[in-house]
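Novice: For the sequence shown, the numbering used here begins at -18 and goes up steadily by one.
Source of the hints: derived by calculation from the structure; they are not laboratory data. Worth double-checking, as some hints may not be accurate.
Keeping only pairs whose Cα atoms sit at most 25 Å apart, straight-line, the calculated SDA-like set for lysine to any residue is [unchecked claim]:
| hint | residue 1 | residue 2 |
| --- | --- | --- |
| 1 | Lys203 | Leu132 |
| 2 | Lys200 | Lys240 |
| 3 | Lys139 | Met71 |
| 4 | Lys139 | Asn52 |
| 5 | Lys139 | Glu7 |
| 6 | Lys224 | Asn52 |
| 7 | Lys200 | Pro113 |
| 8 | Lys200 | Glu183 |
| 9 | Lys274 | Asp191 |
| 10 | Lys224 | Val24 |
| 11 | Lys224 | Gln21 |
| 12 | Lys144 | Ser205 |
| 13 | Lys262 | Leu163 |
| 14 | Lys224 | Ser38 |
| 15 | Lys10 | Asn182 |
| 16 | Lys200 | Glu114 |
| 17 | Lys262 | Asn26 |
| 18 | Lys139 | Arg149 |
| 19 | Lys133 | Glu84 |
| 20 | Lys10 | Arg146 |
| 21 | Lys203 | Arg146 |
| 22 | Lys240 | Ala154 |
| 23 | Lys274 | Asn31 |
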Amino acid sequence: MTRIVRKEIDLKRNKNEALKMSNYGENDKQGQYWNEAPGQSWVNNDTAMNERLQNISDILFEGIDVNGCKNGLDIGCGAGSTTRRLATIMGNQASVTGLDISEKLLTLARSQSDSLGKFFLQADAQSYTFEPEGFDLAISRFGVMFFENPLKAFQNIKSAIQKGRELRFVCWAPLAANDFFLSPLNTVVDITGVSFAEPGNEPGPLAFSDRTYLSSILKAAKFSSINIDVLETSITTKDSVEKNASLLMEIGMAFRAIKEAAPSDEVLDEIREAFITDGNKRLQNGLISYGAKIYRVSAVA
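Generate coordinates for the entire structure from the input sequences, incorporating the hints supplied.
Specialist: Structural data, given as structure tokens:
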């Protein structure tokens, strides 16, 4: 009996592992990252981050052409705020699918999107078998920078978009131009002494911060009419300086540096106090503000 039970448990474990691998596709490392503690941090801070990224969401959707579009795709949709916005813009007769590798974020997306619940799909956009030309518009807010093989990913995404239709997304410009990342990161480095090298083109938030590299990937994937706008904006929040400091401890480059440094509780308190001090310096008319620079990218399939 014991052997049978163990075999059943092993079969269930193997089945679960196979399911994870199919959902994570060819991006197992990112799949694990976004389905473990870091992904949960984004779930916990979804409302706070949507507030901070409001200006950037507006830039993403500014002037977007949905004329004649019936099937939209939101790549790396997270908890679905941009999916819902696209659905509203496209109208009741359209269908919008939100795709993400994180089941944690998709669970929140489904809970907040009754009419769209069945259209949230856990999958890896790099390897998922899309219906050929099944979408007439694809968007992404910071959801396309995490592929192990970005060329293959964009080739796959292109296959999902009707010929002549648009892919539009936003991604981060270099670290030095984005104070929301750089300032907290420098604080952690100064206090802990941890070394932190820029990740270059590795999967992560800054993977496409080199415009030339980004353009080359899209050209190699056979997109046309590629346009990369460089836009300066700001990340703002009405949160208290204490709440803002807590968020910086859990998300972004500072969080990664803290994890690498593994500081004591006393040093963590020092970092938090430094974030609060910096927040007070940035506080004006009830808003904490960080300078930001992004790329708004448009390309035709």
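Novice: Does each hint fit the structure? Answer for all of them.
Specialist: Tested hints:
no.: 1; hint: Lys203 <-> Leu132; in the structure: 10 Å, holds
no.: 2; hint: Lys200 <-> Lys240; in the structure: 36 Å, violated
no.: 3; hint: Lys139 <-> Met71; in the structure: 20 Å, holds
no.: 4; hint: Lys139 <-> Asn52; in the structure: 14 Å, holds
no.: 5; hint: Lys139 <-> Glu7; in the structure: 17 Å, holds
no.: 6; hint: Lys224 <-> Asn52; in the structure: 38 Å, violated
no.: 7; hint: Lys200 <-> Pro113; in the structure: 20 Å, holds
no.: 8; hint: Lys200 <-> Glu183; in the structure: 19 Å, holds
no.: 9; hint: Lys274 <-> Asp191; in the structure: 13 Å, holds
no.: 10; hint: Lys224 <-> Val24; in the structure: 16 Å, holds
no.: 11; hint: Lys224 <-> Gln21; in the structure: 17 Å, holds
no.: 12; hint: Lys144 <-> Ser205; in the structure: 10 Å, holds
no.: 13; hint: Lys262 <-> Leu163; in the structure: 16 Å, holds
no.: 14; hint: Lys224 <-> Ser38; in the structure: 22 Å, holds
no.: 15; hint: Lys10 <-> Asn182; in the structure: 16 Å, holds
no.: 16; hint: Lys200 <-> Glu114; in the structure: 19 Å, holds
no.: 17; hint: Lys262 <-> Asn26; in the structure: 23 Å, holds
no.: 18; hint: Lys139 <-> Arg149; in the structure: 12 Å, holds
no.: 19; hint: Lys133 <-> Glu84; in the structure: 23 Å, holds
no.: 20; hint: Lys10 <-> Arg146; in the structure: 31 Å, violated
no.: 21; hint: Lys203 <-> Arg146; in the structure: 13 Å, holds
no.: 22; hint: Lys240 <-> Ala154; in the structure: 24 Å, holds
no.: 23; hint: Lys274 <-> Asn31; in the structure: 17 Å, holds
Checked against the numbered hints above, the structure violates hints 2, 6 and 20; every other hint is satisfied.
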